[in-house]
Amino acid sequence: MTTGTTGTPDGASLLGPEAQFRAFFDDPRWALGIIRATVLEAAHPQVGAALAENSTFVAHPWRRLRNTFLSMRRMFDADPAVREREAARLNRLHARMSGSDAGGRAYDAMDRPTRAWVVATLFESAVTMCRLSGQPLDQDTMERMYAEYRAFLAALDGDARELPERLNDFWPYFDRVVEEELEDTEAARLILFRLFDHLPAPALLEGAPTLWAAGRAVVGPLIGAITVASLPDAYRRKAGLPETPGAPTLMQGAYLAAGLTRFLPAGWIDAGTIIEILSLPSHGDARRARSASALRARLKWASALLRLATPLSPDTGPAPAPAAPTASAPTGEGRHSAEEFFRQVLDQTGDGHLDWPDLAAMARELATRLDLDESEENRLYDAFAAWWRELQAALDTDGDGRVSVVEYAAAVPSLAGPALIRVAEVLFDVTDKDGNGTIDADEYRALFRTAFHRDLTITDGVYGRSAFVGDFLSFMSGRRANTPYDPLLSDA
Amino acid sequence: MPRHADRQRRDDGPVRAVPRHVACVMDGNGRWAQRRSLPRTAGHRAAETTVIDIIEAARAAGVEWLSLYAFSTENWNRPGTEVDYLMRLVRRVVRKHAPLLLARGIRCRFLGAADPRIPRELARDFEDLATLTAQNRGMTLTVAFDHGGRRDIVEAARSLIRTGTPADEVTERLFADHLPLPDTPDIDLVIRTSGEQRISNFMLWQVAYAEWVFPEVLWPDFRAPDFLACLHTYRCRDRRFGGVPPQTNRDMS
Chain L
1 MTTGTTGTPD GASLLGPEAQ FRAFFDDPRW ALGIIRATVL EAAHPQVGAA LAENSTFVAH
61 PWRRLRNTFL SMRRMFDADP AVREREAARL NRLHARMSGS DAGGRAYDAM DRPTRAWVVA
121 TLFESAVTMC RLSGQPLDQD TMERMYAEYR AFLAALDGDA RELPERLNDF WPYFDRVVEE
181 ELEDTEAARL ILFRLFDHLP APALLEGAPT LWAAGRAVVG PLIGAITVAS LPDAYRRKAG
241 LPETPGAPTL MQGAYLAAGL TRFLPAGWID AGTIIEILSL PSHGDARRAR SASALRARLK
301 WASALLRLAT PLSPDTGPAP APAAPTASAP TGEGRHSAEE FFRQVLDQTG DGHLDWPDLA
361 AMARELATRL DLDESEENRL YDAFAAWWRE LQAALDTDGD GRVSVVEYAA AVPSLAGPAL
421 IRVAEVLFDV TDKDGNGTID ADEYRALFRT AFHRDLTITD GVYGRSAFVG DFLSFMSGRR
481 ANTPYDPLLS DA
Chain R
1 MPRHADRQRR DDGPVRAVPR HVACVMDGNG RWAQRRSLPR TAGHRAAETT VIDIIEAARA
61 AGVEWLSLYA FSTENWNRPG TEVDYLMRLV RRVVRKHAPL LLARGIRCRF LGAADPRIPR
121 ELARDFEDLA TLTAQNRGMT LTVAFDHGGR RDIVEAARSL IRTGTPADEV TERLFADHLP
181 LPDTPDIDLV IRTSGEQRIS NFMLWQVAYA EWVFPEVLWP DFRAPDFLAC LHTYRCRDRR
241 FGGVPPQTNR DMS
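Protein chains in written order, with the numbering used here: chain L, 1 to 492; chain R, 1 to 253.
Hints were generated in silico from the structure; no laboratory data involved.
Glycine residues also receive a C-beta, built at the ideal position from the N, C-alpha and C atoms.
Just to be clear, a hint being listed does not mean it is correct.
[What the hints assert, rightly or not] Taking CB as the label site, the calculated pair distances span:
#: 1; chain 1: L; residue 1: GLY399; chain 2: R; residue 2: TRP76; range: 37 to 43 Å
#: 2; chain 1: R; residue 1: LYS96; chain 2: L; residue 2: ALA213; range: 21 to 27 Å
#: 3; chain 1: L; residue 1: ALA88; chain 2: R; residue 2: VAL170; range: 25 to 31 Å
#: 4; chain 1: L; residue 1: ALA467; chain 2: R; residue 2: GLU172; range: 52 to 58 Å
#: 5; chain 1: R; residue 1: GLY105; chain 2: L; residue 2: ASP382; range: 53 to 59 Å
#: 6; chain 1: R; residue 1: PHE214; chain 2: L; residue 2: VAL218; range: 56 to 62 Å
Okay, chain L solo, but in the shape it has when bound (with noise of 0.2 Å):
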């Protein structure tokens, strides 16, 4: 057992279907102590820098979540080969991790002692997880989950010598750790505050903007909340987080009301199901998609009244006493679109102002959609970037670093300059495979639908690279409603 790969008899019993591990797959408390685990790793600085760096479960949380789950249940698998081939996988994801954070320190997501706080914070928040709930684990119990954990990391790693041999041993271990390792890291702070408040809406709830808003705004502070009070008390302090009256109340009645779902009948609740639910495309084969899209029909139904009940600003409604044409009116148009447009497309961020983060979106939006590769995605970013300085250059006419409604609406015209040709450009050839200079009908029909989340029909079956071009640039200074591009950009 204490250097249980899952190639001995011993490794596979542990980690096989019979696991403690799995009896929390399905467990409510879990999605709490998931998160509780995830800041206790971001805390540590290697790992807070390679999320940093590297993680796309802000962009895309809900697609993080459905991998980190599936992986999981493939480490749990009953087959060794499952098992082993996952650790492989893992092992080369995380290979390919390693650089210095923004303050120049080193990370590397190979490091091995790195590896073994991971496993430990996650067994750390079962733990912890099933005491906050008032239903401690029992000795025995522990001490199988324990070396179920390390068999995991052992897979992982081959051996698990970074993790005390013995449950004893493992508590001082977390303790220093916390006490003298972790910082109050930017990924940390990220997933605490602002993760949630930001959580984009899974793919059920696409087609519901404005319920998710509703819902995250009361939900997303609450979690924060929640996650902070259950996290041990020398991180707080030494992280600085805030004491919220009422926060451990309200953490304990989570965990505890999580709890209480175990009276509900076996297979109510199954993590595997609602996770894909939640994050099935509408498009997606699987047998599930068809109870996922009647739930996503009824939702875009209540949505389509919810948005439709809402009433409208009194500057959308038709002017009271219609003046006759006049020559101002056509530039009130003008600038009421591009404001629209500016809110709807360009601030990304929705903080009114226009800002590098807001363009970094987009090119990461396209750039993981596209599913480009690492050189390809540099383009991209190397071409957003350049962008971003054109339009500061020429928009930012305060001079305070960023484009605000006003500075863009004010110069709509002047938008399209070079730099954002060169984004269009680089588009095309990412999306032209066979580099022929033409993106024939799968091509255009790939880029829209993998992109855009769209089915086009094409008529003239090949888009040159200027009609390509001239299109992309009329929809992204604002030209044109209603082309193709909106969704991509819009409603992401």
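Position chain R against the provided structure of chain L, taking the given hints into account.
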């Protein structure tokens, strides 16, 4: 609808059944306003009352399909401010009456409404209203907004060609399946208000055997009794579909 079938049997004589599909070309809003020395836009605003009145009257009379010709592709040529005003007006009307349409079991759809010049919010509202009422099984209300009959036919031809159907196999029925909203039945009765007697590129395919009625009254003044009078005119007509069998199109399809 059984009620419908009964009436058809009873009325078997000189008087035909209630038309299954009625279309209204809402003409005369501008003139209505001009006669009152009001801006043209006031006429459009006054049209709202008529629309709601007619929807209600059609539903009560047992009409199963009602189509309204709201805005033709050619209307984009009107003065910019009028178009602009119309867009905002339509948006307000759609939102205001959405709950009523839902409660009345009316299924709403929009024909055309694909032009990029249509404001994004309005297109969104159209979509929402269609989503909201998609499951309704009462009357189907088709609003032809930014619609052009020829364009629909061209679209159908394109779609047909894309499927690669051999020329010999193209039939009227098959062609009709490629029109937008292909489940729409042929129109039985077209009412065009304000005395104008033109087709104006309206649902050209579906009006092939339609009866036409041209009341002199302007659309903002058109009310439920006028609508019922038109239905009566229709029921007294001898429909032949180019041949002899005195049937409505319900029995043909």
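Here is what the structure says about each hint:
1. Taken as a hint, the range 37 to 43 Å holds for the pair L/GLY399 and R/TRP76, whose Cβ atoms sit roughly 42 Å apart.
2. The hint said 21 to 27 Å for the Cβ distance between R/LYS96 and L/ALA213, and at roughly 24 Å that hint holds.
3. With their beta carbons about 57 Å apart, L/ALA88 and R/VAL170 fall outside the hinted range of 25 to 31 Å.
4. At about 36 Å, the beta-carbon gap between L/ALA467 and R/GLU172 misses the expected band of 52 to 58 Å.
5. Roughly 56 Å separates the CB atoms of R/GLY105 and L/ASP382, a value that falls within the hinted 53 to 59 Å.
6. Checking the proposed 56 to 62 Å range against R/PHE214 and L/VAL218 shows it holds: the Cβ atoms sit about 58 Å from each other.
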